[in-house]
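Novice: The chain contents come next:
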Amino acid sequence: MNDNRIPEDESASAFVYQECLPYLRQSQNLDGGWGFLAGKDSRVEPTAWATLALSEHCQGNEIQDALSKAIGFFQNSQLADGSWAASPSQLRGSWVTSLACWALLASGTETENLTAGLRWLQEDRPGDSGRWWRMLRRLATNQNISRQSDSYYGWSWTPGTASWVEPTSYALLVLRSLPEAALSIEMQSRIRIAKQMLYDRMCPGGGWNCGNPMVYGVAGEPQVTPTAFALLALLESSSRSEIEESLNWLKKNSVTVASPTSNALTDIVLHVFGRQVATPAHALSHNRAQDDISWSIPEAGWVALSLSSKQRWLNLKCSSVRL
Amino acid sequence: MPRTAPPLLPPFSRPPSRVAIRRVTSYQSDLSTLLYETVSEFALPVRGRTVLLKPNFVGSDPLGMMNTHPALIAASRETFLRLGAERVLIADGPAMDRDTRAIIESVHLREYVGPLSRVFVDLNIDDVERTVLRTRASRLRELYLPKTLLAADFVVSLPKLKTHHWAGVTLSLKNMFGAVPGGCYGWPKNILHWAGIDRAILDINAAIRPNFAIVDGIIGMEGNGPIQGTLKRCGTVICGDDPVAVDATCARVMGLRPDKIKHISRAATLLGHMQAEKIQQIGDTIDQTCNPFAVLEAFQYLRQKPAARPPNVN
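In order, the protein sequence lines correspond to chains A and B.
Numbers 1 to 323, taken from my numbering, label the letters of the first sequence in order.
Numbers 324 to 637, taken from my numbering, label the letters of the second sequence in order.
Just to be clear, a hint being listed does not mean it is correct.
[Stated by the list, open to error] Below, simulated DMTMM-like cross-link-like pairs (lysine to aspartate or glutamate); rule was C-alpha separation at most 25 Å, straight line:
#: 1; chain 1: B; residue 1: K470; chain 2: A; residue 2: D292
#: 2; chain 1: A; residue 1: K251; chain 2: B; residue 2: E428
#: 3; chain 1: A; residue 1: K40; chain 2: B; residue 2: E409
#: 4; chain 1: B; residue 1: K470; chain 2: A; residue 2: D31
#: 5; chain 1: A; residue 1: K69; chain 2: B; residue 2: D450
#: 6; chain 1: A; residue 1: K252; chain 2: B; residue 2: E428
#: 7; chain 1: A; residue 1: K40; chain 2: B; residue 2: E428
#: 8; chain 1: A; residue 1: K310; chain 2: A; residue 2: E62
#: 9; chain 1: A; residue 1: K251; chain 2: B; residue 2: D384
#: 10; chain 1: B; residue 1: K470; chain 2: A; residue 2: D41
#: 11; chain 1: A; residue 1: K195; chain 2: A; residue 2: E180
#: 12; chain 1: A; residue 1: K252; chain 2: B; residue 2: D582
#: 13; chain 1: A; residue 1: K40; chain 2: B; residue 2: E465
#: 14; chain 1: B; residue 1: K628; chain 2: B; residue 2: D564
#: 15; chain 1: A; residue 1: K40; chain 2: B; residue 2: D476
[Stated by the list, open to error] FRET-style restraints, in silico, Cβ to Cβ:
#: 16; chain 1: A; residue 1: A289; chain 2: B; residue 2: E620; range: 49 to 55 Å
#: 17; chain 1: B; residue 1: R462; chain 2: A; residue 2: G60; range: 24 to 30 Å
#: 18; chain 1: A; residue 1: D65; chain 2: B; residue 2: T454; range: 32 to 38 Å
#: 19; chain 1: B; residue 1: A328; chain 2: A; residue 2: R131; range: 39 to 45 Å
Hints in this document: simulated from the structure, not taken from any laboratory.
Glycine residues also receive a C-beta, built at the ideal position from the N, C-alpha and C atoms.
Given only the sequences and the hints, what does the whole structure look like? Please build it.
Specialist: Spelled out as structure tokens, the structure:
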């Protein structure tokens, strides 16, 4: 991984420690969680992104204290089956389970909560993975609407629905922390199938959208967020031509987008793939000062992560769990 | 205090609905005056209330055929403020892309509406409240819906006039999919597709009961909508206080049969009128504005039969 943040190091560091991290710490709720926006109800997804950002830049007791409270939130909000729900009163777990596991791992918490979460991910199968569903698809008259292979599947947003790019990428990113020896043959196979699904769902010409690369013969337009997470999930396959095409799309697209999310996620990917980042820290800082909309917690988290020169959150190792 | 949703009534026990069709040549027209004059005719109870405008934001749209145009959103906002609304919010939860900020920047919403900090709400990441559904058309039974939307006194669906490759058309009823938060159900909100799009549309609209609809038909999309279709200049704005009647009228303007569009005919059982004889037309007529939209092969059955031609006397 090239350390191509070095020329920006001082302004990046100042922006992270003087703006992003204080904003995150001040936005933490009393229950240890974060809402999608400051002052809103605690939810697992923003808490995960805030935890990942604070863990990445963990310095001093205040951040450590915030992380301890966040771990408490994850422990208290876990459902009996090991999963986490997207909102506190929902009774079924969802994609946010991957993010909660990732955040626990980043904060150095290899407890039974993490094990139970990863086991749920292992057991959770999307609705399009079953033989019955595939048989119905083959019989359907409208099967030519979208071009995708029914042989591949990953993870869904909510239980029992279809596989999509982002939740599959999140699951792959957290499962990557486990050494191959800790994964059963079945789990290794499932990860391979999920990666195949990502390649299958890539838009013609590179990049990903939510998971519809082609509808009625028309190529889908890629989007930044799914492209970024799919590329991160496929980081080990950086020599494949699909990755090169997608990186080129991301780089080319970066000149036209103007949002903290897209800027930050683009930069994270360009950084870890050894490319020159698109948005320098001083530009992010300037944009925030001019902004008439408060940053969401995930936005602030992604910006803070994008300004890390180490990107430790993408190289976590889990030693205590076997699937 | 949250608004009280109107009762669910079968068509025979509800009064006729009114739908206004206005011809508009472009987004540079005086939309504010036109909308104010049109909406005023409905004598809507918005004075002192919080009005929530729900446009259709989908993605980057350089040709202006995919998203509700910001000029119409701004004119709608101005109209409801002139009618005495205390607050007019603009709120949406785009279904396919979680970066709502990138979408609203790409449509230049701020340039038309002004500062967005107290005006725009991203419904995907709003706080949510468990809502038991009033109808059981789909197997959803309950949804977690945005608190801002549930707390609004008056909800206006503000869609684009488009065809849709799953639902046939996407108008004011289908537009309410955007009220279901991605923060709970993901991007896309695939749970709604698995529950059956047509049935889920009824369940969501029965739960939210949008009070009014204003459809952006100045430029629409035909063919492989709602994203990958082609630009269609239709030159109309269609609005009314019965979203089913508005959508049925839009379908007729598009040269399609509303009774063949499953979610419209299903919604007509409880939410509003679909039959032309139960809809009082204001402004321009369907005949004056009908501009048939191209549809995919799979939706050819939605087309209205061409009117019988007079015999050729030569």
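Novice: Please go over all the hints and tell whether each is borne out by the structure.
Specialist: These are the hints, each one checked on the structure:
no., hint, result
1, K470/B <-> D292/A, "holds (22 Å)"
2, K251/A <-> E428/B, "holds (19 Å)"
3, K40/A <-> E409/B, "holds (23 Å)"
4, K470/B <-> D31/A, "holds (20 Å)"
5, K69/A <-> D450/B, "holds (21 Å)"
6, K252/A <-> E428/B, "holds (18 Å)"
7, K40/A <-> E428/B, "holds (24 Å)"
8, K310/A <-> E62/A, "holds (21 Å)"
9, K251/A <-> D384/B, "holds (20 Å)"
10, K470/B <-> D41/A, "holds (11 Å)"
11, K195/A <-> E180/A, "holds (15 Å)"
12, K252/A <-> D582/B, "violated (46 Å)"
13, K40/A <-> E465/B, "holds (22 Å)"
14, K628/B <-> D564/B, "violated (28 Å)"
15, K40/A <-> D476/B, "holds (21 Å)"
16, A289/A <-> E620/B: 49 to 55 Å, "holds (52 Å)"
17, R462/B <-> G60/A: 24 to 30 Å, "violated (50 Å)"
18, D65/A <-> T454/B: 32 to 38 Å, "holds (37 Å)"
19, A328/B <-> R131/A: 39 to 45 Å, "holds (42 Å)"
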